[in-house]
Amino acid sequence: MTQPAIFFAEVNERQGVFHRRAILLGGFAGLGITALGARLAYLQLFETQRFEKLATSNQFNFKLAPAPRGVIVDRNGAVLAANRPNFRLMVARDKGLDTEATLKTLANFVPLDEARQRRLLRDINTAPKRAPVSVMEDMSWEQFSAINVRAPELPGVSADVGEVRVYPHGGAFAHVIGYVAKVNKEDIDKTPNPDPIMLHPGFRIGKQGVEKALDAELRGRPGAHKVEVDANGREVRHDQDGDIPAVPGQEVQLTLDVDIQNRALEVFGEESGGAVMMDCRTGDILCMTSAPSFDANRFVRGLTGAEYRALAGYERKPLLDKCLSGLYPPGSTFKTMTALAILMAGISPEERVGCGGGMQFGGRFFHCHKRGGHGSQNLNDAIKNSCDTYFYSMSLRVGPDRIAQAARAFGLGQTFDIGIPGQKKGTVPDPAWKKRYFSKNEAQQPWWPGENLSYAIGQGYLQVNCLQLAVMTARLANTDYKALNPRLIKSVGGKEWPRGSDVPDLPFPREYIDRVRAGMAAVTEAGGTAFRASQLGLGDILMAGKTGTAQVRNYDSGGSRGKGGAWGLRDHGLFVAFAPLDVPRYALAVIVQHGMGGSTAAAPRAREIMRTALLKDPELISRIQKPLPMPEIVPDLELDTVPAVSTTQAAE
Amino acid sequence: MTVSALTRPGERDRLIVKLSELDWVFILVLCLIAGAGSLMLFSIAGSSWSPWAAAHLSRFGICLVMMIALAMIDIRVWFALAYPVYGLGLLLLVAVEAVGDVRLGAQRWLSIGGFSFQPSEVMKLGIVLALARLYHGVSAERARLSWWLLVPAAMIGAPVLLVAHQPDLGTAMLIALTGGAIVMLAGLSWKVIGVALAAFLAVIPPFVMFGMHDYQRQRVLTFLDPESDPSGSGYHILQSMIALGSGGLLGKGYGLGSQSQLNFLPEKQTDFIFATLAEEFGFVGCVSVLVLYAAVIFMALRTSYLSHSHFGRLAAAGVTATFTLYVLINGAMVMGLAPVVGVPMPMLSYGGTVMLTVMIGFGLVQSVRVHRYAEVTSGKGSFV
Chain A
1 MTQPAIFFAE VNERQGVFHR RAILLGGFAG LGITALGARL AYLQLFETQR
51 FEKLATSNQF NFKLAPAPRG VIVDRNGAVL AANRPNFRLM VARDKGLDTE
101 ATLKTLANFV PLDEARQRRL LRDINTAPKR APVSVMEDMS WEQFSAINVR
151 APELPGVSAD VGEVRVYPHG GAFAHVIGYV AKVNKEDIDK TPNPDPIMLH
201 PGFRIGKQGV EKALDAELRG RPGAHKVEVD ANGREVRHDQ DGDIPAVPGQ
251 EVQLTLDVDI QNRALEVFGE ESGGAVMMDC RTGDILCMTS APSFDANRFV
301 RGLTGAEYRA LAGYERKPLL DKCLSGLYPP GSTFKTMTAL AILMAGISPE
351 ERVGCGGGMQ FGGRFFHCHK RGGHGSQNLN DAIKNSCDTY FYSMSLRVGP
401 DRIAQAARAF GLGQTFDIGI PGQKKGTVPD PAWKKRYFSK NEAQQPWWPG
451 ENLSYAIGQG YLQVNCLQLA VMTARLANTD YKALNPRLIK SVGGKEWPRG
501 SDVPDLPFPR EYIDRVRAGM AAVTEAGGTA FRASQLGLGD ILMAGKTGTA
551 QVRNYDSGGS RGKGGAWGLR DHGLFVAFAP LDVPRYALAV IVQHGMGGST
601 AAAPRAREIM RTALLKDPEL ISRIQKPLPM PEIVPDLELD TVPAVSTTQA
651 AE
Chain B
653 MTVSALTRPG ERDRLIVKLS ELDWVFILVL CLIAGAGSLM LFSIAGSSWS
703 PWAAAHLSRF GICLVMMIAL AMIDIRVWFA LAYPVYGLGL LLLVAVEAVG
753 DVRLGAQRWL SIGGFSFQPS EVMKLGIVLA LARLYHGVSA ERARLSWWLL
803 VPAAMIGAPV LLVAHQPDLG TAMLIALTGG AIVMLAGLSW KVIGVALAAF
853 LAVIPPFVMF GMHDYQRQRV LTFLDPESDP SGSGYHILQS MIALGSGGLL
903 GKGYGLGSQS QLNFLPEKQT DFIFATLAEE FGFVGCVSVL VLYAAVIFMA
953 LRTSYLSHSH FGRLAAAGVT ATFTLYVLIN GAMVMGLAPV VGVPMPMLSY
1003 GGTVMLTVMI GFGLVQSVRV HRYAEVTSGK GSFV
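Chains as they are written, first to last, in the working numbering: chain A, 1 to 652; chain B, 653 to 1036.
Here chain B stands alone, though its shape is the one from the complex (with noise of 0.2 angstroms):
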């Protein structure tokens, strides 16, 4: 019995008993979501495996196997780490402000040693560690509602700001629903949710008026009447819903999508691969899909669910609040339901950030499937 193998100290460190705990179903699923995606980059490229088919699948290889290996890393190690992954992400944040590449418009790129990425996505993972980290030694009646709870508003509310500064509305979003997604999976009085939630939609009008660039007003107006501007910003979301119609129950065909292999669907191969998916395999083919992302999602809450540490569950369902706010911002996107937001489908679309950035994740909620039984200290106090 694995089951009772991870029960016996000693037995469970062996690497073997590790691997066997892995959740290979999950892994297989993400096998699926991922070859689905090369399926796609492989049709959209003009049935050639350059640029980008062979990039996605050697891509998702790599991080499979980096996934694998961050799943045997012991969850107290993630624990001792957590605070330092969110201080790093935070000084990259603060350099980036300072010294910063501008792409596109925005600072959001840092260089170190010709190698350049985002710091943003280092801090969609310190956010997660961080907060279950400090949730990890609350108890239940401060994590409900307490001053304390400031703490961790200022803990999201910092990296936040500053993405949101670079401009990066998106991913500032993602954080800042990530954070709120543990804060309330830790506990939080539906008051305060009610609270927040009613503040929340009473700045939104003012806030797109008054406090965004043009560029990202243009596209929450272009949203709310995509009709208003055909040729312009609202182009991208009509010649996505054109790709999803125009394939019906079944799709035009492997290969056969007008919408996208004429280049009428912008950004095919990353926003927008799950039009190309919609247009070329149908209604049939996109439920499909769409039933593999829940299936991740609820294995990786199931996994939260089998901890024992509270660092455990608020970590792993922390990373699957992050992957299903991805796929529903992306699918509402890519369906007209929301405005162009620079989200992609994760495993699906093409790009490595986004990848590394999932597959680190699923590695943390792995290590918490394998290490679900260890005890957990905060070095202060006893919460197991």
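Chain A with its partners taken away, still in its complex shape (with noise of 0.2 angstroms):
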């Protein structure tokens, strides 16, 4: 009641406008936070859905882990690839870090010389940022442990626990199982739609052989951590529960038998070339073995720019798979193929030629490999002989087609399934060949009769590998006289491949392979060509084959006749051979390049592969082991007497 007259005189025009004025700011500030409070309600209320989702794909990451690389292993389980621990040392680069001083402090721990820090701090900086890079590979526990221990003073460097391919036997099984190496932009750029993981630092490819053929089967399927990042990628936590399981690559069981593979590397020793064993009732290579050879466990470290330098220019070519790709005439094992050819033209097998050291035909003298000739010969005594005279003679009245379809149906000029690449064909040579080969130079095309000479003794465009040498081989000895198919991957993830022995029969006549396989048991019978070195030791189980010495060049410039000189112009000595001669069961075919002859070079050292395959062989371990025959039991008859008479009393 006291109250002043004041808050009335106050009242006047430019007070009311400024009261109506200020409930409109009041009711335009309600307005706008009206409408936030109506925005919020929609974001949290009615959307939060959608935006929970977007807030855990910010929150998490699914990072790939290889999985485990499927194992290799031989015809009985023993381990030719597989995997082991490989402690590894990263870094990477973020911001506010000193790589430079990191990699230095490092150094104090793992080797890492100036010119490597500097090669790494070049590799770091152009790397994407906070991609780790590898700095060290296959640390010791002792430097895996001490880095582990400091990596929290050590921002941006990990240490961490990868797997890595290893070859228990080294070089043995490189050309035929290769090797695994990072992940290059080739391999990136040639995959229609490159799987993620090829990106991981751990991830290796198979590079050749089976790793490669079957990579996709060894790879098996990645696995992803489930981490917790932040704005800027780093990883935060690591969630375990939410990890997807890696699904471990595929078991590869190959045909192939450690002991035969290893021993057949042994014995070439410095000498370059390849062997190929076939079991010859089923088709399966035992033994595939190009020498000299390399470590496939330097590939899978990645090899320095010196050493694959060394590898590649080393005139014995080790990189070189010898079995499937390197290219050889076959030289005089290619007799068997003309005998059946000869047999087939409808020649009697006891149709004898005389061999005085040669023949002359076009105006040109054809020399038999033995100067003072061998008198006169039919078909065993031609191959027994290796008698150059007696196919020169009679090729003239097979001809050259009759030849290519022997040598075809007994797998040359052909390459076969056998699951990896690399191989080459070779040249099964007839004047259909010739015209398309020589479409470009007519006056090349015709077929020249004296090209049957050279052609007849395994010369002239005639090219075979050494895979198809041992499946000629092996069908000759195979039992069923079958078109056995070779096979050198016996299962992949436990499902058998099909067998090389489900084929059909070899379009000759049997009696004719049985003519030419006495002809290879005549060769290592006394007199024959390879008779000291094929002699096996083993009691009744023989060896038999045939021997071949092929030309690398033309002697008629004269010189050493390939016998010596440099070792490029040294002639190939070639063996094939089988055993035992009675129940065949193992084919092989050795290639010694610039050997220089068959019967001493390649010959011992198959008959050395060859025990080794028998040895193992239990059969054939019983067959030679032949237990004594037991003693006749004679009964003592003093100790025996009581009972004795008991007895015959009892009858009684």
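Hints listed in this document are in silico derivations from the structure and should not be mistaken for laboratory results.
Only part of the chain B face toward chain A is listed, based on derived beta-carbon distances under 8 angstroms: (1) G897; (2) L942; (3) Y957; (4) R965; (5) G983.
Here are a few chain A residues that face chain B, going by a calculated C-beta distance under 8 angstroms: (6) E13; (7) F18; (8) L25; (9) G26; (10) I33; (11) L36; (12) G37; (13) A41; (14) R50; (15) E52; (16) L54; (17) A55; (18) Q59; (19) D230.
Chain A residues, not near chain B, derived (Cβ > 10 angstroms throughout): (20) G162; (21) P201; (22) P318.
Think of the CB as a built atom: it goes at the ideal place given N, C-alpha and C, for glycine as much as any other residue.
Relying on the hints, combine the two individually framed chains into one complex.
Set out below in structure tokens:
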């Protein structure tokens, strides 16, 4: 009641306007805040699920982890390629990190010289931010733990355990199994839909042989780690429960035998060449060795430029697979095929040709390897002595087409589906082939009769690889006269691959093939070209075979006739063989590149490889170790008197 | 009765009376907001007082004391200082144009003796004071519609153009809108308001296309279609909306917001602090804070209602308008309703400059409240 009049005196027009307008301002503010509230309600009450999903996809990342690569084993389960733990050291660059100083610190724990530090620094700086770059692989446990203990003080540094491929037999399987290596740009470019795992620093891709051909099966399916990341992509936490487990790669079983393979590489020593052994009942390849070889483990780690140049530059070509990719004239081993062609031409095997050390034809003298001549030869003698004159003479009557037909039927001039790439077809010539081959040069097209002569002894345009020779021998030796196919991969992931023996018969009368076998048996008998070198010393188990010495150049120019001189000009030594002679089980082809003689370089090696295979065969071992006949039991009368009598009495 | 005490000259000048006349509920609400800010700053630092939470609280404490001290200053002193503050602000803006530091590509900072500050902040207060002072001596008729209106127009235009040229479009807009609000409150004709609004809307598209710097245009365009560039300019808006939306009704829990804790949220301690609050405390937490802001606005506006001097009314309402604009612009930006402009959420966001500006403003508001019965004269006439 004592309120002063001043409240009312103030009321004037300005105040009235202000009050109305102030209410308006308040209304505007209220409206604005209500609008914000409404927007909040929309976002937080109605769109929650959508934004929760977005927040989760922000928060969590799935980090791929390579699956353990499938193991490769031999026919008995011996490990040929496996994985072992690999302690890796990695450095990533990030904002505010001094990579150079980090590397200097690391050099106190692991060997990192100045030059390597510089190279790494460049690599790390060109890599994407926070992408770990491998600084060292295969650290020792001590180095690994030393780094791990200090990891908190070394931002950007991480040490983890990955898996690395290991080939316990080093070089023996290098060409067949191949190796794995880091993925390079071409690998990604030529893959239509590159798997993101290919970009993982720990991932390795098959580069050759089985590792390459069965890469998809061996690779498995990568798993993933669920990790919480911040806005910069840094890992904050690992959610173990959210991990997706990897599916390991499948196991691949090969038909190879680790002992035979190792022995084969061993017997080559410093020589260059290849050896392929097949089971001539099933077609399984038991050994496929190329010498000299290289250590596939070095390729996994990554070769230095100098190492690679040394391997690539060596004249004996360790990187070349001489069983599949190396092509050689088969020389006299091919006379088995010529012999079949002779029989197919209706020529009697008993028909004789006199050998006086060669044959004059077309104004040129074709030498027999025995200058003095072999005298009168029938088919069996000619195979046994490898008489060139007999085959020269017969070739004119047989013609190239029949020879080519036999060669092709026995697997020459073709590739086989053994599951790995790299096979060269070689050449089985005939007039039609020659016409095609020289389509640009008409003068070269006709088939000259003189070519029959060199064709018959496995020279001329004829070129084969070692696997083809082994298939030829296995087909010759197969007791069911089947056109056996080779098989290298026995099973993948427990599923067996088709056998090589489910094939049609050879298109030749059996007695013809028996004739050739008999000839090959004579080769290793007394007087044959490989008598001494092919004695197995395993009792009645004998080996049959055929030697071959292939020229790499024309001797007419004189010189040492390929028996000496520069390595690259010497003759190739070849030997094909099967054993046991009576019931053949193993067929083998050995090529010793520039080894000079089939009987001196190839046959002794073939004998060693063959012995290893035979001695590993339990059935043959029992045949070799024939027990002594049981001595007749003579009853000891004195001791047995009483019961004997009583028995007699009882009987009475 | 305190009200009657204020009406008695002599008694109302006593400090104890003045202190008891402060709006303590208002101060309590400010403390709650600043406390909520510290709570969030503590959370996003990974449950740590440093680097933000402790500094935020101590700054607020200092600013609060300063606000109370400013509230004790007689409204007539504010009145007398109005033009000088505006003049100083204008002078500094000219100076920054000439010798200011270039930071982040914009010329906004002025260094004096190793201490750098933004003159545009002075102008935020200066424009309120100067316009209130100007209108204090002007009749309702002139304020409504007359050629005289060119004077306040020029007073607003000069600083706005200078700030816009720095370029700091956000602050320029804030000053223009604050000035506009005072002119409107003083009784500007609706016709003029309508025409100005229409002209403003008509000018926006050509200005966006031709008058803006590239980064400014980019922000506006991104706002119109945030998905167009989710990893670039649209990133901020999108991440903020994800933080808000994923908070839901009750939030993810204190310290558990993945967006803010894992740094997906940009500028989480300053401009986007409201989004972290929304993520961890959800709709309930957000609405609570918005209610607190509404309370501040209405209490400040009520103070302007109480004032018996036109200067006091306009000054308090002007400060309220500035504060409201801060809240609405920041809120709209965080919620994806406005382009990204560097306007923080007052009291909640970390940052000294804005808190200082706002608290000085509230010091003025409280001064208006404490001195609401004081007679203010322009010296020329007796407009009380």
